[in-house]
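Novice: Dock chain B against the given chain A, drawing on the hints supplied.
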Amino acid sequence: MPLLEILGLTQRFGGLQALTNFTAALEEHDLVGLIGPNGAGKTTVFNLVSGFYTPTEGAIVFNGRPTRGLRPHQVAGMGMARTFQNIRLWNDMTVLDNIRLAQSHWLGYGLWDAVWRSRRYLRTEKSVEKKSREVLEIMSLTDYVEELPKNLPYGLQRRVELARALSTSPRLLLLDEPAAGLNSADVDGLIKHIRWIYDQFHICIWMIEHQMKVVMSLCQRLAVIDFGRTIATGTPAEIQANPAVINAYLGDDTL
Amino acid sequence: MQRRAINLFFLIAAAGLVLATKEGFFDQYILTVFMFMGINIIFATSLNLVNGYMGEFSCGHAGFMCVGAYVGSLLSVAFFSSSKLFGDPLFPPELAPVLFPLVLLLASLAAAMFGLIVALPSFHTRDDYLAIITIAANYIIISIVENIDAIGGPRGFSGMKRVINSMTDVADLPWMLIWVLLGAFVCITFLYRLMTSTYGKGISAVCQNEVAAEIMGVNTNKVKIIAFMVSSGLAGLSGALYAHVYGYVNAQAFNILKSTEGLVMVYLGGMGSLSGVVLAAIAFTLMVESLRFIIPAVNDLLHAGGLLPAAFELSQIWKWVIIPLILILLMQFRPEGLLGNKELTHVFPRLKRWVSFK
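First to last, the protein sequences are chains A and B. Position one of the first sequence corresponds to residue 1 (this note's numbering), numbered consecutively onward. Position one of the second sequence corresponds to residue 1 (this note's numbering), numbered consecutively onward.
In isolation and in its complexed conformation, chain A is listed as follows (with noise of 0.2 Å):
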């Protein structure tokens, strides 16, 4: 059984059809890219996969279980955890603390705990913490636990994104344009981390990624969509010689 399975998904937008009859199936320890033009729908995919959109058609079945009607909090709870084409990092809260508050839906303390601070309470902010800084140490920012993430220069705030994404134990990880805005250096860092991750943890990772560099080094399997369809699937090699999928990027010059 994969782990996820998306079928027949499609979603509108008012009069846009921004996903048309999207297909996948991800397995257990995978590593695959979704790529495509700007505007083909690629993020719209990963909202919809992590249940911030509710889809038109279609279902997405994550772990065996359909995830229609769930909130995105119960869907990443389910293991699912994603980051952000344009960051979304909680920025007046250390970094520690971002990391802290990915983790609070295994808090299973409430609120009389923290107002008690009870037993319960001191015992799993301390997992917590530990958790976090292990993260941390892993994602190489122990440097910067106590700074705000706004006062940290962009490719560190993407790591962190990815670290707080890691910090939840997921056993899916969505990453949508992880290397956007990232100079060399930081691309090649970042596709250590990742790869580290994805041998470490055993997890599956898919990614939307515009950097070639990036896709062509990691992932096993790619999926191409152009105004919401799926052009083509196949091995990056095979991709990258897919008419289809020049066309697509590089416009059709029949006019």
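It should be emphasised that the hints constitute simulated quantities derived from the structure, not laboratory data. Any given hint could be a false lead.
Said to hold, decoys possible - In silico BS3-like links for lysine-lysine, alpha-carbon gap of 30 Å or less:
(1) B:K222 <-> A:K131
(2) B:K161 <-> B:K319
(3) A:K150 <-> B:K222
(4) A:K213 <-> A:K192
(5) B:K222 <-> A:K126
(6) B:K258 <-> B:K352
(7) B:K258 <-> B:K342
(8) B:K342 <-> A:K130
(9) B:K222 <-> B:K258
(10) B:K222 <-> A:K130
(11) B:K22 <-> B:K161
(12) A:K192 <-> A:K131
(13) B:K161 <-> B:K222
(14) A:K213 <-> A:K150
(15) A:K192 <-> A:K130
(16) B:K222 <-> B:K342
(17) A:K192 <-> A:K150
(18) A:K126 <-> B:K342
(19) A:K150 <-> A:K131
(20) B:K258 <-> B:K319
(21) B:K161 <-> A:K150
(22) A:K131 <-> B:K352
(23) A:K126 <-> A:K150
(24) B:K342 <-> B:K352
(25) A:K131 <-> B:K161
(26) B:K352 <-> A:K130
(27) A:K130 <-> A:K150
(28) B:K352 <-> A:K126
(29) B:K342 <-> A:K150
Specialist: Relative to chain A, chain B alone:
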């Protein structure tokens, strides 16, 4: 030990205040000002939870204070004093000093329930629209209270003085001062602990990026319910204390002007700064009380100088010009408030040596 210094200081200050009052060191007016400071601290810090930490704009906070004031007053009169409305007291009046915290608790819980009026629409609305809903909630609550004739309707409700008197009969202490100090302590501790826990950070996350919060596993609807209910519950606590300090409540005391006072205190102190809002509440109370003397003085001065026609008197109504004016000036020149979203210990790091809140 050193890090406990500030806690010890507050304990000694509170004990000193109570003792000095008991010995008749302060006259009734000064004492009332002290108590209003405490009440305003509770009122303003609770509003800060929603307007500051969560970044929503609640303009009807006094409505919840009204619920707390009435529920608290009715319960304490029903429990500890004989009245036309409730007949004989439910408990012997000697129990008043012991059971009064229960009255405060129930008043807070009742106000917290009314907090749902605002919390539920907040799932779908934000910002200006939610602000309008909060004003409506304020008016709904006042209208409900004014139209229940059994509890006095627009005439107001009284009888709490008898309850305070029966407390004083048990032990000759300045009881209301003690309850206000305790209330302020409970409120500040509650909010501090909530906002330093990972659980409470969810409230700040709703303000800073709600989409990220929801997608990263924070149940934002639950967080909003918690924030609105805690906020209105604590407002209810301040209302119950207010009613007992005055010995009389009237729904019109909790109209939009009272809510505005809360906004001034929050924006003066800095949104999302607990220590800033506490300081602002103290400063604001002192300022409003000093207007009682300043306005007549200015009035006399202007008349003496012949700058005002003899038929025109500056009255205390000018308070309601000056308070909103402060709000306008604040928004114009320092929209983030005195401390912004920082705490005192961030602005003066050397304070950290003396402070250890747990």
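Novice: To test your reading of the hints: which numbers does this structure violate?
Specialist: Of the numbered hints given earlier, those the structure breaks are 6, 13, 21, 25, listed in rising order.
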